[in-house]
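Please model the complete structure; the sequences and the hints are all you need to start from.
2 protein chains.
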Amino acid sequence: MLMDFTVDGVPGVLWTPAGATGGRPLVLMCHGRSQHKRADPLVRRAARYVERYGWAVAALDAPGHGDRVTTAEATLTAVKLRRRLAEKRKLDPATAAAAAQRAAEAVPEWRAALDHLQGLPVVGDAHPVGYWGVSMGTRIGVPLVAEEPRIVAAVFGLAGLHPGDETLPSAAARVTVPIEFVLQSDDEIVEREAGLALFDRFGSREKSLHLNPGGHLATPSFEAESWERFFARHLSAAG
Amino acid sequence: MLMDFTVDGVPGVLWTPAGATGGRPLVLMCHGRSQHKRADPLVRRAARYVERYGWAVAALDAPGHGDRVTTAEATLTAVKLRRRLAEKRKLDPATAAAAAQRAAEAVPEWRAALDHLQGLPVVGDAHPVGYWGVSMGTRIGVPLVAEEPRIVAAVFGLAGLHPGDETLPSAAARVTVPIEFVLQSDDEIVEREAGLALFDRFGSREKSLHLNPGGHLATPSFEAESWERFFARHLSAAG
Numbered sequence: 001m002l003m004d005f006t007v008d009g010v011p012g013v014l015w016t017p018a019g020a021t022g023g024r025p026l027v028l029m030c031h032g033r034s035q036h037k038r039a040d041p042l043v044r045r046a047a048r049y050v051e052r053y054g055w056a057v058a059a060l061d062a063p064g065h066g067d068r069v070t071t072a073e074a075t076l077t078a079v080k081l082r083r084r085l086a087e088k089r090k091l092d093p094a095t096a097a098a099a100a101q102r103a104a105e106a107v108p109e110w111r112a113a114l115d116h117l118q119g120l121p122v123v124g125d126a127h128p129v130g131y132w133g134v135s136m137g138t139r140i141g142v143p144l145v146a147e148e149p150r151i152v153a154a155v156f157g158l159a160g161l162h163p164g165d166e167t168l169p170s171a172a173a174r175v176t177v178p179i180e181f182v183l184q185s186d187d188e189i190v191e192r193e194a195g196l197a198l199f200d201r202f203g204s205r206e207k208s209l210h211l212n213p214g215g216h217l218a219t220p221s222f223e224a225e226s227w228e229r230f231f232a233r234h235l236s237a238a239g
Numbered sequence: 001m002l003m004d005f006t007v008d009g010v011p012g013v014l015w016t017p018a019g020a021t022g023g024r025p026l027v028l029m030c031h032g033r034s035q036h037k038r039a040d041p042l043v044r045r046a047a048r049y050v051e052r053y054g055w056a057v058a059a060l061d062a063p064g065h066g067d068r069v070t071t072a073e074a075t076l077t078a079v080k081l082r083r084r085l086a087e088k089r090k091l092d093p094a095t096a097a098a099a100a101q102r103a104a105e106a107v108p109e110w111r112a113a114l115d116h117l118q119g120l121p122v123v124g125d126a127h128p129v130g131y132w133g134v135s136m137g138t139r140i141g142v143p144l145v146a147e148e149p150r151i152v153a154a155v156f157g158l159a160g161l162h163p164g165d166e167t168l169p170s171a172a173a174r175v176t177v178p179i180e181f182v183l184q185s186d187d188e189i190v191e192r193e194a195g196l197a198l199f200d201r202f203g204s205r206e207k208s209l210h211l212n213p214g215g216h217l218a219t220p221s222f223e224a225e226s227w228e229r230f231f232a233r234h235l236s237a238a239g
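Heads up: the protein sequence lines correspond to chains A and B, in order. Numbering-wise (full-length UniProt numbering), the first sequence opens with residue 1 and increments by one. Numbering-wise (full-length UniProt numbering), the second sequence opens with residue 1 and increments by one.
Read the hints as simulated data drawn from the structure, not as lab findings. By construction, the Cβ of each residue, glycine as well, lies at the ideal position given by its N, Cα and C atoms. Take the hints with a grain of salt, since some may be wrong.
To be verified - Cβ-Cβ distance ranges computed for the label pairs, FRET-style:
{"#": "1", "chain 1": "A", "residue 1": "G19", "chain 2": "B", "residue 2": "M3", "range": "49 to 57 Å"}
{"#": "2", "chain 1": "A", "residue 1": "R48", "chain 2": "B", "residue 2": "T70", "range": "54 to 62 Å"}
{"#": "3", "chain 1": "A", "residue 1": "E166", "chain 2": "B", "residue 2": "A224", "range": "36 to 44 Å"}
{"#": "4", "chain 1": "B", "residue 1": "E166", "chain 2": "A", "residue 2": "E87", "range": "36 to 44 Å"}
{"#": "5", "chain 1": "B", "residue 1": "A197", "chain 2": "A", "residue 2": "P41", "range": "27 to 35 Å"}
{"#": "6", "chain 1": "A", "residue 1": "P41", "chain 2": "B", "residue 2": "E105", "range": "44 to 52 Å"}
So, in structure tokens, the structure goes:
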């Protein structure tokens, strides 16, 4: 079942199993740059998690994305990202600083949304919460997971440490929950060394980096299976 | 069921499901330095693969290991390895050259054993073959998988490119089957950069490196689960 919601003006969507009653583990999913809360991969993954595990899954439109911008603005963002990928331009300091600013804005939005969601009987506050977000979803998720004790496990990746972004390293150091981090050897916008440097900064005792060949948009499908098992290990056992 | 065998003087062991008849996928497992064909982790993994998937699993004593040396010689090897780990001495050129020599000796032994095993009705030659071996098992496995077209998928890791070993890079380049490669960030004897350099050399289109914190002997247990799924993906589908 799919339910739209809005918290403090931020639009979100919640997926739950048909006919579900009572609390359950929740997975927060943050889309990537130029995407929105109902991007295809999120919808597919939400359906899978809901049907197979009975979890709830929630997504928000990030600042400057989805229903928070006009179609023309969203298209411009997508065009710019495609151009950056095609030209293999790594993140420059101005872009990295803007991403940090966007994350600072998004973190309280996610925390408010989590308050709201845990107030719903179909989610509740007695079960573990996971976070999934790669690329921009990692830039937003790292400070969120660092600050939010309700999140017990996170999937990150396709992101790294870049000049211009002053706050990501310290946020990563404050993340102590288990993480799985995906990285692409031939990422057009994230140098492998920058990704490894971010991975090294995480304070988590359990942290596992999965490195595959290919570009930013070519994460192999078996990684999605691995994310699923990662969440099953950390959400279902405790749930 | 467990069956000891010897091919050209090399002792091996074959695990198969109780009462099994007819051919099945086969996983070859090569133990690490100072271990032997019935080292605890191999026995546990073999039992799991046999019971859960119905595969056959085979292990050999590597040159200079197991029943091919005296107890005193085996103890000396184990003491030397423990000392190297405790002193965090990376592989020196002489040790790397000796490992290359050992691998050159082991490859034809494995190929002869595979001929023998595929001649048994309970294995046969109509099903895919996988290879598992980390550390010394990778040094032996890389040239084996490079030369042996019957092996369709391999788990490697805890190994890297080192001065003194002239043949490993080109062997890795000739490996084209899917691989999963495990690496430890704090490995006492393999620098992370050496491991990444080896990973980069593999010719495989599907290759996935899993990097975790901890030392040479501290690979997390969830990696064993991942190996299992990797083999299930590549052996059972085709089998």
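Confirm or reject the claim that E166(A) and A224(B) have a C-beta distance inside 36 to 44 Å. At 40 Å between Cβs, range holds.
CB of G19(A) to CB of M3(B), is that within 49 to 57 Å? Between G19(A) and M3(B), where Cβ atoms are some 53 Å apart, the hint holds.
Has the hinted range 27 to 35 Å been met by the Cβ atoms of A197(B) and P41(A)? 32 Å, holds
Between the beta carbons of R48(A) and T70(B), is the distance compatible with 54 to 62 Å? Once the Cβ atoms are compared, 55 Å apart, the range 54 to 62 Å for T70(B) and R48(A) holds.
Go ahead and decide if the range 44 to 52 Å is satisfied by the Cβ distance of P41(A) to E105(B). 48 Å, holds
Consistency of beta-carbon spacing, E87(A) to E166(B), with hint 36 to 44 Å: 39 Å, holds
Of the numbered hints stated above, none is contradicted by the structure.
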